[in-house]
Amino acid sequence: MAAEVAENSCGGLGLMGRILLWLPLALFAALALFFASGLLRPDERVITSKLVGKPLPAFELPQAASDRPPLSSAEFAKGKPRMLNIFASWCVPCAAESSQLLALEKAGVPIDAIAIRDAREDVDAFLARWGNPYDHIGLDARSSVQIALGSSGVPETFIVDGQGRIVHQHIGDIRAEDVPKLIAIWKGAQ
Amino acid sequence: MKHILFLFALFIAAPIYAQTALPPAPYADRQLDDPALEKKASDLMLTIRCLTCQSQSIADSNASMAGDLRSQIRERIAAGEEPEQIRAWLIERYGDWISYEPTDDPLLWPLWAMPLLLLLVGGLLVAARIKRKRKGT
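Chains as they are written, first to last, in this note's numbering: chain L, 1 to 190; chain V, 1001 to 1137.
Everything labelled a hint here was simulated from the structure, so no lab data went into it.
Small disclaimer: the values here were computed from a predicted structure and weren't measured.
It is possible that some hints are incorrect.
As a list, the in silico BS3-like pairs of lysine-lysine whose alpha-carbon atoms are at most 30 Å apart [what the hints assert, rightly or not]:
| # | chain 1 | residue 1 | chain 2 | residue 2 |
| --- | --- | --- | --- | --- |
| 1 | V | Lys1040 | L | Lys50 |
| 2 | L | Lys181 | L | Lys54 |
| 3 | L | Lys54 | L | Lys80 |
| 4 | L | Lys50 | V | Lys1039 |
Turn these sequences into a full structure, and let the hints steer you where they fit.
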């Protein structure tokens, strides 16, 4: 039909007509390539929080572990940068990162934590088994603070400067090679 | 025999959710009593993307975080918040990614312009044909 439109007076196809004739196929090929590349490219899995660089949202959480005080956002506005670890006793990578958190604590980094959808006895058992690097632990039974933080899973670790501004978000478990980088960011936030 | 026993054992095995021991949040799987408010909430939930199962909306997902977000949305709608306020609040935290509804971001202007453009091209094609037909007869 496209060719019909552009037929010239001699009945053959002009240059314009020839272009029009191939245009649909070219468009189809371009779309097919575009969709194929979308299918073959691995899905973007890591969703970063857009609150990095912005103030930590205000929250006040109840106690999560028997031997640690509860956590509120006021802890993060006392002039010293701190780490905020999002974990859960039911989360396997959280157990995997425990020795790195203990190493960070040993290096002098104060760490607080939020336990997601957890129960007191489970948190106690988890900390007894894997070690307890935390100063305060708050219980977020409905993930509401986690959502307010723009965090998309466990474990995640935020570094908050002394004025309560989020300076860094680490997504996933902390590996041994991440520890020096995190200490450097924490020192940089002083 | 062992295999058959194993298959039977599967029937009585409780599914293991590597997620959480807590029961779901109060409004995760319970509708609001007011149908108008429930419609507002569920329309929003269908367009909010699940963070755990990233190709599902939170209305479709069984992930515990999706349940918590459903409950939070219902509670906030019941407390008088507008769906678009909640969407904006979520976009502030997770970026455009969280919403299935296209925004008015300049990046998406070609998308909004496309129907008009196609209509225009169609109109031109029809006009050209009519002109040719008239000439022909």
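Is it true that the CA of V/Lys1040 sits at most 30 Å from the CA of L/Lys50? Holds. V/Lys1040 to L/Lys50 sits at ~26 Å (cutoff 30 Å).
Does L/Lys54 pair with L/Lys80 here, judged by a C-alpha cut-off of 30 Å? Distance ~17 Å between L/Lys54 and L/Lys80 Cα, so the pair holds.
Given hint V/Lys1039 paired with L/Lys50 - CA-CA distance at most 30 Å: 29 Å, holds
Is L/Lys181 close enough to L/Lys54, meaning Cα to Cα at most 30 Å? Within the cut-off at roughly 21 Å; holds.
No hint from the list above goes unmet by this structure.
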